[in-house]
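Residue numbers (my numbering), protein chains in the order written: chain A, 1 to 404; chain B, 1001 to 1404.
It is worth saying that the hints were derived from the structure and are not from the lab. All values reported here derive from a predicted model rather than from experimental measurement. Where hints are given, some of them may not hold.
With beta-carbon atoms standing in for the labels, derived distance ranges [claimed, not checked]: (1) A:Glu347 to B:Val1167: 55 to 63 Å; (2) B:Asp1331 to A:Met1: 49 to 57 Å; (3) A:Ala290 to B:Ser1345: 39 to 47 Å; (4) B:Ser1345 to A:Asn128: 21 to 29 Å; (5) B:Glu1329 to A:Asp67: 28 to 36 Å; (6) B:Lys1397 to A:Glu329: 31 to 39 Å; (7) B:Gly1327 to A:Ser208: 19 to 27 Å; (8) B:Thr1004 to A:Gln212: 47 to 55 Å.
Coverage of chain A stretches by chain B, computed from C-beta distances (three or more under 8 Å per stretch; other residues unrestricted) [to be verified]: (9) 74-88; (10) 117-124; (11) 224-234; (12) 295-304; (13) 315-323; (14) 351-357; (15) 391-399.
Virtual Cβ for every residue (Gly too), placed ideally from N, Cα, C.
Spelled out from the first residue to the last, the chains are:
Number of protein chains: 2
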Amino acid sequence: MIQTVKGGVCAAKGFTANGVHCGIRKNKTKRDLSLIFSEKRAAAAAVYTTNLVKGAPLTVTKAHLADGYAQAIICNSGNANTCNANGIEIAEETCALAAKALGIAADDIVVASTGVIGQPLDITPIANGMDALAKGLGDFGDLAAEGIMTTDTVKKEVAVTFTAGGVTCTIGGIAKGSGMIHPNMATMLVFITTDCAISPALLQKALSTDVQSTFNMVSVDGDTSTNDMVTVLANGMAGNKEITEEGDDFAAFMQALNSVTVDLCKKIAGDGEGATKRLECSVQGAKDKATAKIVAKSVICSSLLKAAMFGADANWGRVLCAIGYSGAEVDVTKIGVTFSSAAGSIEVCKDGAGVPFSEEEAKKILSEHEIGIELTLGDGDGEAVAWGCDLTYDYVKINGDYRT
Amino acid sequence: MIQTVKGGVCAAKGFTANGVHCGIRKNKTKRDLSLIFSEKRAAAAAVYTTNLVKGAPLTVTKAHLADGYAQAIICNSGNANTCNANGIEIAEETCALAAKALGIAADDIVVASTGVIGQPLDITPIANGMDALAKGLGDFGDLAAEGIMTTDTVKKEVAVTFTAGGVTCTIGGIAKGSGMIHPNMATMLVFITTDCAISPALLQKALSTDVQSTFNMVSVDGDTSTNDMVTVLANGMAGNKEITEEGDDFAAFMQALNSVTVDLCKKIAGDGEGATKRLECSVQGAKDKATAKIVAKSVICSSLLKAAMFGADANWGRVLCAIGYSGAEVDVTKIGVTFSSAAGSIEVCKDGAGVPFSEEEAKKILSEHEIGIELTLGDGDGEAVAWGCDLTYDYVKINGDYRT
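So that you can see chain A by itself, here it is in the shape it has in the complex (with noise of 0.2 Å):
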């Protein structure tokens, strides 16, 4: 049974957080760097941005995780420590401090960063607000939210409770999605704890088969950010016996991060870059999983869809020339479209051609904010969901701003 909890990344056992402003921002009332930690020394895991162009604290993390454990994350925003010259030696220094000022090795330390690219990062601030942040480390998973935040409007964190060998356990995570107010990439960060015991192969088999149906289903505006990064961290202070291979302990543990990586995905995707609406594509019916993603991601990216979805206009031919052009097999004149939201649902296209429908009725239903366009394709079970959000005037105001 999985139960939602309150909190995010302090609601399972023995870990604290802080986020604070340390002056990477102008904006004082803004905090810009973040801190997790965990009593114990935890098995780690993490999946990252497949763009070539990677920020340079990824590097680092990537180095620090080899041997499968980690015991803090620090996290600055207000810049991606990206394309800059020194961005390695930079990263490893505020691992460094961290370090410190936590007590700890620097290579049980992951760090990431979000923002501008290709500007110096300077240490200065982050040195600076090291002690303070390290020393308010408490029941602040909500601040360690904040300050990884950039044009997110809303901190997005959840937890969950779940029975693993008998013992309840917790997982939770914080996230920030797309945008900058300074503006330069869609990036993504998640930070998920859990007090579960598991081995570090585990965890990392878990985080990866996960985030193909979850966060690699999201899509704001198809740019794939260069600084990316989903980090697990699992201390085992809950006291279960640890899962050490796939069994019911592991299903369970696959089933709750699931409900927190599903919850983040849908948080991400509502609150995209200018969203006044978030958009799940669900579709079925599809020859095999692969096409159905496919053909799920390809609708929940098209700019046109988008637009119309904006403008509650029930435009499925959209949906059709989305399908058409995935490079997905799909028999064309199978295709099914539903338009749905907590105002009804309502058939718009069967077998390929358009089905008569009220179109009064369709604006009712998009003009909701949670959107689902559900599609069948009747070849065959593959199944898959994906998660976006409309385009609007903000997106384009938030992104044509003048970065100088």
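Starting from the structure of chain A, add chain B where the hints point.
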């Protein structure tokens, strides 16, 4: 020597055209039916959208061009005749009506449609308008160019002369770009006519080769239409010896065709939905041409970069980001980026990292209407150019408007 001359599809000998309002659109001031006619039956070639969802007119046109010849092109705007149960029937009926009015065979007619998807196309206005359309044929390539426009803000035509076998030949074309007032698809249609004598096989070869580096390198919003089509008619009336094999004459023809298609590409990109700026991304030093094309297209398609260009923001990090996720094999540490326009040019990134530059100067350069994004990759001789436009409030407005 290629020389630009006046006109479009009627510049070459033996071609007449016309465009009328027949009533497919409600707005009586908007022409919605265009006809292009060749005195003599012409060699014909075409390329079509790769979208699996294809407009019915494409199916009919493909069948009609199977023998490599055609004599007329009929095209309506206001309705794409796509995803309709009786689409094929309507497209065939349109050809039959044109054939009767022109006194030629129905299978010598190219038929195309652009407009809303999934709404039955009524043959009545087409039937009513056909006689006037055919009787009014003359040196009216501009009216034909108007009749295929949707949200295009300017009509697009171009013509050039060239020499093949010592004879002056002419080639010209019209195009419609992306967008519809009653929006559905960003549809590109291009009709080209020439009096050069060339065999159907060589004409098809020329067109198929040319589009790889021209129309296939244009993106307004990444949405591949269901109705895209590029057609060339070559009636041989210039009197040159028919080009039946590769050689100097074929090369001259290819070059002339390319000058027409590149011109139309630029016009389509510059008049993309809501665009205030045309973007041209040129890549040099890629390890091969395929890599150069992938990189150029990825940059031109980035929503983040497109929004930055709207804001005249020299945000080169977004260029690197788009190169990094393009899937192309690139050495990030060798990338160079220069922005250019009529106001000058400015280097912003060298060897994958930022170089100091004047933000003021950069803003001046990016405030022009035609922006160059020049990339050097330092890996070899591969070159490519891609065309696009900025992402603006008006793109969202045009495509978010209620369809109903």
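Each hint, compared with the structure:
The given range of 55 to 63 Å is respected by Glu347 (chain A) and Val1167 (chain B), whose C-beta atoms sit roughly 60 Å from each other. For Asp1331 (chain B) paired with Met1 (chain A), a C-beta distance near 51 Å keeps the hint of 49 to 57 Å intact. For Ala290 (chain A) and Ser1345 (chain B), the hinted distance range of 39 to 47 Å is satisfied, since their beta carbons lie about 44 Å from each other. Our hint of 21 to 29 Å for Ser1345 (chain B) and Asn128 (chain A) is violated, since their Cβ atoms are close to 40 Å apart.
Hint check: Glu1329 (chain B) to Asp67 (chain A), Cβ distance near 31 Å, so the stated range 28 to 36 Å holds. The given range of 31 to 39 Å is respected by Lys1397 (chain B) and Glu329 (chain A), whose C-beta atoms sit roughly 35 Å from each other. Hint check: Gly1327 (chain B) to Ser208 (chain A), Cβ distance near 20 Å, so the stated range 19 to 27 Å holds. Between Thr1004 (chain B) and Gln212 (chain A) the C-beta distance comes to about 53 Å, which sits within the given range of 47 to 55 Å.
Check result for the segment 74-88 of chain A against chain B: holds, 5 residues qualifying (beta carbon to beta carbon below 8 Å, three or more required). Beta-carbon proximity to chain B at under 8 Å applies to 3 residues in the segment 117-124 of chain A; the threshold of 3 is reached and the given coverage holds. Here's how the segment 224-234 of chain A fares: 3 of its residues keep a CB closer than 8 Å to some CB of chain B, so the rule of at least three is met and the hint holds. Judged by the Cβ-Cβ criterion of 8 Å, the segment 295-304 of chain A is covered by chain B as claimed, because 4 of its residues qualify and three suffice.
Only residues whose C-beta sits within less than 8 Å of a C-beta in chain B count toward coverage, and the segment 315-323 of chain A has 8 of them, enough to reach three; the restraint holds. Here's how the segment 351-357 of chain A fares: 3 of its residues keep a CB closer than 8 Å to some CB of chain B, so the rule of at least three is met and the hint holds. With a cut-off of 8 Å between beta carbons, the segment 391-399 of chain A has 8 residues touching chain B; three or more are needed, and the interface restraint holds.
Violated hints amount to a single one, hint 4; each of the other numbered hints is respected by the structure.
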